[in-house]
Amino acid sequence: MAFKAENINETIAWQDLTEGLQIHQAATSKGFETGEWRTNTPVFLQEKCKQCLLCVPYCPDSCILVRDGKRAEFDLKHCKGCGICVAACPFGAIVMKEGE
Amino acid sequence: MVQSKKERMSGNEAVAHAIKQINPDVMPAFPITPSTEIPQFVSNMIANGEIDTEFIPVESEHSSMSAAIGAEAAGARTLTATSSCGLAFMWEVLYVAASNRLPIMMEVVNRALSGPININAEHSDSMGARDSGWLQIYAENNQEVYDNTIQAYRIAEHADVKLPIMICQDGFITSHAVENIELLPTNAVKDFVGTYEPEHYLLKEDETMAIGPYAISPYCMEAKRAQAQGMINAKKVILQVAEEFEKLSGRKYGFYEGYELDDADFVLVAIGSVCGTIKDAIDELRSKGKKVGLLKVRVFRPFPGEEFAKALKTAKAIAIMDRCEGYNANGGPLGAELTTALYKEKAQAEVVNIIYGLSGRDVKTEDICRVYEKLEKLSQGTDEFGPYPYLGLRSNESADRI
Amino acid sequence: MRVLTEIRWHGRGGQGAKTAALLLADVAFNLGKYVQGFPEYGPERMGAPITAYDRISDKPIRVHSNIYEPDFVVVVDETLLHTVDVTRGLKKEGAILINTQKTKEEILPLLHGYEGEVRIINARKVCMETLGKYFPNTPMLAAIVKVSGIMEEEVFLREMETSLKHKFAKKPEVLEGNMKALKLALQEVQ
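Protein chains in written order, with the numbering used here: chain A, 1 to 100; chain B, 1001 to 1402; chain C, 2001 to 2190.
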């Protein structure tokens, strides 16, 4: 029987777990909204952006979206506000603001 | 029952022959004495087109076990072989194999760990890995290691078990000794072992899966308890598989073998090749009217402590033989675990834990007779042992040698 | 005839003493015996003294210790007589077989007063006359069969021919030389 991420919560008994905690499903991290952890938030300054896309691979949470080969908005549902993208951007096109 | 073919071969050849008959999917391995011959023989079989196992040459044992984990998780029936420091080098990943419930088979040709550096038989390598979550089955001779290899996947892959398994034999003493053996027909082995059809695996079409996740504290304890159940269930499965194997081969296996055990007052408990030597000593002493016997441990993981203790309940004195120093100032691993089991069973016997055969130190029938003699004196209160004596040790203190 | 015959081989790494011990176990197995053939392993390499053992029995063999009181000892390299106590534990009802170019009289003083039978063979001579190369294990195998009497010579030769034919299926000339060596060795044992 396939076991999905939604079957797990902190009340589950050991007998109801899969062997080795296998989950028979892909991309389960999508359902885990780490954006809720964020205390500082990146802000995208579109006018300074040269579309080098360097920030994209640097983001540890794949929260910088690309659409039609162009930098799109942040995925703030999952962005933890680490600020790595700010350091990665050579053009100062991302800045951090306090709060969510 | 099928007709077995009489042959003669070494323990390593016997294992290689069983592997040939099973034809597993993947074998990553790194050579180390005295298990080197196993991947060597298997490579030859592959080169000769006798089997289509995928052999992966790797740069270390850490890599061979890692590759085995990857292959098994992908859905391939996998095996490897190692000894001594090779097994020690796998240490970290042994736990990954077990906790991810990957039924890999590993042929362990038991050899001493350093130091002093030595290549000969000792159980310190697999005993060191006794709590890594792997099943462990030990053999007295080439026949048993062959038979255990054939039974291995049936136990490990069973839906109630799903754990990796070590099939152990004594380095050189059985791995390199040519002895008589009875081989099963290949088709009978194939039918017995069957094909590997895991329910979930990484290369399964139409199903994605995640394996080996990080688990936070609220889940880890439950995950470990679930893993432990596989080991608990293995007891039943090991006996079921042994029963089926007996129907096929006529050779009977269980958790242990009792030799002249039922009415024995003085009993040795031991693992591996020394048990043959003990049986010869028993015949000699029985002919002189001594009520001596042997409990040969076949299955060490899971540890059938209750079954062992029940079989030993009427003994007056028991010597638990460890081919491994525990370095705990208290004895060896078999001594520790069996003594606990005897206590739970409220056994009344005098118990002594003896260290023997370290680093290939030879054990003769005379040595064994001496142990039985001491056991008899111990039960009469006319002799005593030191905390945990060594057999055949040169020592200035009489209490620490036999 | 003994129920159990125990043989200890002394040789040097690379001379084939282990192979000879295993071959003897092979032949005995083919005659329906229970066998055990095993080397004593250490970190030895080519030229180092090595020991190998054979147990040949009518009953299943269970003991897994080395052999301390052999019925027969085979010395594949006579230079070992100076450094290894080859007759240690050897039963006086048994015999020692030595590969040497010397005479028995020259050899005896090196045997620590061994009281049993002493047999010698010039395996080098046998090899050079039949194989053209020095592979002492082939003649030593035939010689110990003769000395120990564990099987009839004709049966031994027949068994060896079958197994060598199988082994050297693609090199029939090797078979011929080896068979000649075995036969000559049976005659040359003194």
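Keep in mind that the hints are not guaranteed to be accurate.
Stated by the list, open to error - EDC-like mimics (lysine to aspartate or glutamate), calculated; alpha carbons at most 16 Å apart, straight line:
hint	chain 1	residue 1	chain 2	residue 2
1	C	Lys2033	B	Glu1207
2	C	Lys2033	B	Asp1191
3	A	Lys4	B	Glu1207
4	C	Lys2059	B	Glu1337
5	B	Lys1288	B	Glu1199
6	B	Lys1006	C	Glu2069
7	B	Lys1310	B	Glu1337
8	B	Lys1364	C	Glu2159
9	C	Lys2091	C	Glu2129
10	B	Lys1364	C	Asp2026
11	B	Lys1313	B	Asp1280
12	A	Lys4	B	Glu1199
Note that these hints are calculated values from the structure, not bench results. Computed from a predicted model, the values in this text were never measured in an experiment.
Does Lys4/A pair with Glu1199/B here, judged by a C-alpha cut-off of 16 Å? 15 Å, holds
Would you check the hint for Lys2033/C and Asp1191/B, treating anything up to 16 Å between C-alpha atoms as holding? 31 Å, violated
Pair hint Lys2059/C and Glu1337/B, alpha-carbon separation not exceeding 16 Å: 36 Å, violated
Does Asp2026/C sit within 16 Å of Lys1364/B, going by the straight-line distance between their CA atoms? 25 Å, violated
Straight-line Cα separation of Lys1364/B and Glu2159/C no greater than 16 Å? Distance ~33 Å between Lys1364/B and Glu2159/C Cα, so the pair is violated.
Would the hint linking Lys1310/B and Glu1337/B be met if the CA-CA limit is 16 Å? 14 Å, holds
Just to be careful, I want the Cα atoms of Lys1006/B and Glu2069/C compared with a cutoff of 16 Å; is the pair within it? 29 Å, violated
Hint consistency between Lys4/A and Glu1207/B [alpha-carbon to alpha-carbon, up to 16 Å]: With Cα atoms ~11 Å apart, Lys4/A and Glu1207/B stay inside 16 Å; holds.
Between Lys2091/C and Glu2129/C, is the straight-line Cα distance small enough, at 16 Å or below? 33 Å, violated
Between the alpha carbons of Lys2033/C and Glu1207/B, is the straight-line distance 16 Å or under? 56 Å, violated
Given the hint that Lys1288/B pairs with Glu1199/B, does the C-alpha gap stay at or below 16 Å? 58 Å, violated
Take the C-alpha atoms of Lys1313/B and Asp1280/B, compute the straight-line distance between them, and say whether it is at most 16 Å. The hint is violated at about 24 Å.
Hint compliance for this structure: hints 1, 2, 4, 5, 6, 8, 9, 10 and 11 are broken, all remaining hints hold.
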